[in-house]
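Enquirer: Work from the hints to combine the two standalone chains into their complex.
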Amino acid sequence: MGMTMTQKILAAHVDGVSEVKAGQLIEARLDLVLGNDITAPVAIKEMEKMNVTGVFDKDKIALVPDHFTPNKDIKSAENCKIMRDFAHRNEITNYFEIGEMGIEHALLPERGLTVAGDVIIGADSHTCTYGALGAFSTGVGSTDMAAGMAIGKAWFKVPAALRFNLTGQLNKWVSGKDVILHIIGMIGVDGALYKSMEFVGDGIANLTMDDRFTIANMAIEAGAKNGIFPVDELALSYIKAHSDKPYTIYEADADAIYDEEYIIDLGTIRPTVSFPHLPENAKTIDEIINEFPDGVKIDQVVIGSCTNGRIDDMRAAAEIMKGRKVAKGMRCIVIPATQKIYLEAIEEGLLKIFVEAGAVVSTPTCGPCLGGFMGVLAAGERCVSTTNRNFIGRMGHVDSEIYLASPAVAAASSITGVISSPEEL
Amino acid sequence: MKTAKGNVFKYGANVDTDVIIPARLLNITDPAELGSHCMEDIDPDFVNKVQSGDIIVATKNFGCGSSREHAPIAIKAAGVSVVIAETFARIFYRNAINIGLPIIECPDAANGIEAGDLVEVDFNTGIIKNLTKGLSFQGQAFPPFMQRIINAGGLVNYVNESII
Numbered sequence: 001m002g003m004t005m006t007q008k009i010l011a012a013h014v015d016g017v018s019e020v021k022a023g024q025l026i027e028a029r030l031d032l033v034l035g036n037d038i039t040a041p042v043a044i045k046e047m048e049k050m051n052v053t054g055v056f057d058k059d060k061i062a063l064v065p066d067h068f069t070p071n072k073d074i075k076s077a078e079n080c081k082i083m084r085d086f087a088h089r090n091e092i093t094n095y096f097e098i099g100e101m102g103i104e105h106a107l108l109p110e111r112g113l114t115v116a117g118d119v120i121i122g123a124d125s126h127t128c129t130y131g132a133l134g135a136f137s138t139g140v141g142s143t144d145m146a147a148g149m150a151i152g153k154a155w156f157k158v159p160a161a162l163r164f165n166l167t168g169q170l171n172k173w174v175s176g177k178d179v180i181l182h183i184i185g186m187i188g189v190d191g192a193l194y195k196s197m198e199f200v201g202d203g204i205a206n207l208t209m210d211d212r213f214t215i216a217n218m219a220i221e222a223g224a225k226n227g228i229f230p231v232d233e234l235a236l237s238y239i240k241a242h243s244d245k246p247y248t249i250y251e252a253d254a255d256a257i258y259d260e261e262y263i264i265d266l267g268t269i270r271p272t273v274s275f276p277h278l279p280e281n282a283k284t285i286d287e288i289i290n291e292f293p294d295g296v297k298i299d300q301v302v303i304g305s306c307t308n309g310r311i312d313d314m315r316a317a318a319e320i321m322k323g324r325k326v327a328k329g330m331r332c333i334v335i336p337a338t339q340k341i342y343l344e345a346i347e348e349g350l351l352k353i354f355v356e357a358g359a360v361v362s363t364p365t366c367g368p369c370l371g372g373f374m375g376v377l378a379a380g381e382r383c384v385s386t387t388n389r390n391f392i393g394r395m396g397h398v399d400s401e402i403y404l405a406s407p408a409v410a411a412a413s414s415i416t417g418v419i420s421s422p423e424e425l
Numbered sequence: 001m002k003t004a005k006g007n008v009f010k011y012g013a014n015v016d017t018d019v020i021i022p023a024r025l026l027n028i029t030d031p032a033e034l035g036s037h038c039m040e041d042i043d044p045d046f047v048n049k050v051q052s053g054d055i056i057v058a059t060k061n062f063g064c065g066s067s068r069e070h071a072p073i074a075i076k077a078a079g080v081s082v083v084i085a086e087t088f089a090r091i092f093y094r095n096a097i098n099i100g101l102p103i104i105e106c107p108d109a110a111n112g113i114e115a116g117d118l119v120e121v122d123f124n125t126g127i128i129k130n131l132t133k134g135l136s137f138q139g140q141a142f143p144p145f146m147q148r149i150i151n152a153g154g155l156v157n158y159v160n161e162s163i164i
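So the protein sequences, as listed, match chains R and X. Quick note on numbering: the numbering used here labels position 314 of the first sequence as 314, and the sequence is numbered without any gaps. Quick note on numbering: the numbering used here labels position 107 of the second sequence as 107, and the sequence is numbered without any gaps.
For reference, chain X alone in the conformation it holds in the complex (with noise of 0.2 Å):
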């Protein structure tokens, strides 16, 4: 996936993993399902509304707490494309590159995005442009070790790799 593009649901700071997908709902495994039941403690119209290639932008510390990897797999599941925040905590950070939800953390963007805008995001280059309001930011692109394990398509793949 070299870019993503889509409108933005946009949320606050610190969103935690128990309100991207809680805890009762952990004895569940198959991505589909979890998908079905992403961030319904903060936002339950989420899911009705979400669209394949939709984006989520939000502020600081998006992912805090839990390490499941549950979070990350449910909004990919979801069809979400890409998150954008000003910071991400650091398990969430390793699972979404670990099982491939494409994560970018950009200040500039996360502040200068609003709900429903529709935004085009660029892997390669890391720019994020807001198409609605025709602006543009500069977001971090991952480091070389990181983009590895990304174009192997995952952590398991790059064991594999590894390995052989």
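Next comes chain R alone, as it looks inside the complex (with noise of 0.2 Å):
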């Protein structure tokens, strides 16, 4: 019976096991293991109770104080020195400290920590991102990173899948943010749960690599356990550039069984938001204009994240900003998610297009994604976010609203100060 690309992966990771059929047990081999300043902490007192005397290869762990950073707090503060005291007690090869640190699910790929072939598991739901590259990643909480720091392996249930035949191509202002905004719209949060979504077809190839790391970090937004691309020649261009790790492309069997196959052609595809309080209530900015002819008015603006933070993002939201000011009373936070995309940014007048507008420009955290810090809203507050959920409470008062959208989105909302398509300005 043939086996999807996920499968593949994972059946070349168990030992003594050419095949593994959805629903199997396995124990699978890690290439790396990820955690963070909020989950790397518990589980760094979790494999302290296990019997080992450290970790089973500290070149295949990495370690990101990227949350609650620079340090929001002194409890923070404790939590970045108890990651930080381990990595050097067990001389972690991949700690990053701030100055060099970024958002984990963008300075990974950058790094050439991830590559195509690679199982890793973070304790951060995110960590599926690296399926864009052709890897299997997926997120696990921290007792399970306790685990396989100790002992390099961690348990699966081997997924199902969905398949995703993407053809076509985007057209201007509509990104990566917008197809899996639609696709979690028609799926639902729970569509793809504990199961894989497996993105194919022609219209890959018209996908940047920012885009296809976007569409993977949301996979987990509809429940899925990854999501993952085919190894084109642009996601290997993207590895060559940025690893020197071997790598090995894995293909999905011609006769794989999917669940279900979706056909979305790009082309047909519109800015999209996602309104409050789950990722699933999308709706295209056409939608929006009809149900809300004096707009949705907002108080701030988020651009950044592991989802919308990268150097396309960056650059989407500047076209849009150039010359132009935020509205009068509208916050809006830049925050470019490593400090390479921040170098780019500045090098390429970047920057300097954000504060000319009146936004502020941070240094990469994911502070107020989650509501730690950096932008945290007031009861009644409404922010548009390039971020990832819009859970209530998720950045703030529970009585806040957060609305997902692309960078050119928030872009264009920054300036109008009501949900705007960049093609009305």
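In short, the hints are calculated from the structure, not lab data. Misleading hints may appear alongside valid ones.
Partial pick of chain X residues on the chain R-facing surface, computed with a CB cut under 10 Å [to be verified]: (1) 24; (2) 60; (3) 73; (4) 76; (5) 87; (6) 92; (7) 108; (8) 112; (9) 123; (10) 124; (11) 127; (12) 130; (13) 138; (14) 149; (15) 154.
Computed list of chain X residues with no C-beta within reach of chain R, every gap over 12 Å [to be verified]: (16) 4; (17) 14; (18) 53; (19) 120; (20) 132; (21) 159.
Result set (EDC-like, lysine to aspartate or glutamate): computed pairs, CA atoms no more than 16 Å apart in a straight line [unchecked claim]: (22) 172/R - 423/R; (23) 49/R - 161/X; (24) 172/R - 265/R; (25) 45/R - 73/R; (26) 133/X - 117/X; (27) 45/R - 30/X; (28) 75/R - 30/X; (29) 76/X - 117/X; (30) 352/R - 399/R; (31) 10/X - 161/X; (32) 133/X - 120/X; (33) 75/R - 33/X.
Positions of the beta carbon are idealized from the N, C-alpha and C atoms, including for glycine.
Expert: Quick look at the structure:
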């Protein structure tokens, strides 16, 4: 029986097995184990209870202080210290201090730590991002991370899969974010529960790597175990440009079984916004203009995160904000996801555009996405955000509202003060 | 733990980890302190009312969102003996097993149990009894592999046993 791309990668990581089937419980070897300043301290405490003297491989663990950093308060500072001390004690190669860090899911591919064919777990739900490079990667909790660091293995139930056949080409101002919000709107926040989302089709060639990272990143918002793209020339050139690690390209068998197949013409996708309080509440910009003729007034815009803090995102926002001003009374917060992206944005003049428009630019942090700091919302406030979740209270007060959108829509909205398409400017 | 018995707190679909324990509290790692904030953004009264042994029942996709293990830890520390739902989000599912919070998938029970009902769960058989309404439901028992993790007392002990 044929295997999906995900199943092939998993089968190659199980000792003494050449084939796996959906539903089968396996123990797979891990190529990388990731944690951050929220989840790693809990994992470190759990690992201390295990009968091991150290980590399974100091080169295959990545520790990134990105959530509440630069430390937002004393407790956060203490959590970071636990992680830093652990990293030093165990001589972890890939610990990234402030100054070299970035938001983990933008940082690790950039540093060449995630390549095609890898099996990766991370104690962060958006670990599924690396599927853009043809890796199996999935989010787990801190105890799984602890076991992964200790023995280099994790248990999985082999997932069934949904296939998304992407055709055609995106229109101007439509990006990977609109694609994934459209898909989540179509299948729901549990539409891919426990399953893989495998993206195929000739439309993929028309998606940039940053589009693919964004799409894979939000697979978890449909409940998926992982999202994954085939490894084409573009993905391969990205891997070669960023990594010396050996990689393996896996392809789904022709007779692989999928629970469902969806065909999506990228050319039909419109700028899309997910309304409070679930990512599945997706509306096209046209529906929004129809339903809300007076506009949906907003108080804050956030452009950044592991979903949309990459250089393509910065460029799209800057193209719209150039020569324009953020609406009176609006707060616009721009957060390049890594130091490298920050530097590129400086060199390309993008940060100058943001500051001149009246936006603020922050050092890399996950801060506002999860209501930590750097943009927490008050009761009754509305935020258009390029992040990934619009749950109740996610970015602050339980009576605040989050509208998920692309960087282009977020930037346009910061100029007009209402949810807007760049086409309207 | 072979059985659980308690009064039910009932929730709907897509109860996410942000309402179970909001991120603004994730700089806390002490289970008791996390438990004292459990569910506060969806049900501020929960922590005042919950008694040790009580049961959470919800519909689909319970625990969706973040990978934070703080969520099942908070529920367990609040005294909840088992969570019954139509379906669980996958990371929450593994986290609950790994930290030793019993969970059972059972769509019939999720629909046949209301807030305040007295419910008893037998973990060996997967049978869920609604004592208030006199109804009985067959929940999905854990596969043997997961039972081994649970019987070991969570993943930490399981790993220790595998190493030895």
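Enquirer: Against this structure, judge whether each hint is valid.
Expert: How the hints compare with the structure:
1. 24: holds (5 Å)
2. 60: holds (6 Å)
3. 73: Holds - the Cβ of residue 73/X comes within 10 Å of chain R, reaching about 8 Å at its closest.
4. 76: This interface hint is violated because 12 Å lies over the 10 Å limit.
5. 87: holds (6 Å)
6. 92: holds (8 Å)
7. 108: Since chain R brings no Cβ nearer than about 18 Å to residue 108/X, farther than 10 Å, the hint is violated.
8. 112: violated (21 Å)
9. 123: violated (19 Å)
10. 124: violated (20 Å)
11. 127: Given a least distance of 23 Å, the restraint on residue 127/X is violated.
12. 130: violated (25 Å)
13. 138: With a closest approach of 20 Å, the residue 138/X hint is violated.
14. 149: At about 8 Å, which falls below the 10 Å cut-off, the nearest Cβ of chain R leaves the hint on residue 149/X intact, so it holds.
15. 154: holds (7 Å)
16. 4: holds (21 Å)
17. 14: violated (6 Å)
18. 53: holds (24 Å)
19. 120: The assertion about residue 120/X holds, with a minimum of 28 Å to chain R.
20. 132: holds (29 Å)
21. 159: About 5 Å separates residue 159/X from the closest Cβ of chain R, which leaves it inside 12 Å; violated.
22. 172/R - 423/R: Measuring from Cα to Cα gives roughly 9 Å; hence the hint holds.
23. 49/R - 161/X: OK: residue 49/R and residue 161/X at ~12 Å, within 16 Å.
24. 172/R - 265/R: holds (15 Å)
25. 45/R - 73/R: violated (21 Å)
26. 133/X - 117/X: holds (8 Å)
27. 45/R - 30/X: holds (11 Å)
28. 75/R - 30/X: holds (12 Å)
29. 76/X - 117/X: The given pair, whose Cα atoms are some 20 Å apart, is violated under the 16 Å limit.
30. 352/R - 399/R: With Cα atoms ~34 Å apart, residue 352/R and residue 399/R exceed 16 Å; violated.
31. 10/X - 161/X: violated (37 Å)
32. 133/X - 120/X: holds (12 Å)
33. 75/R - 33/X: holds (13 Å)
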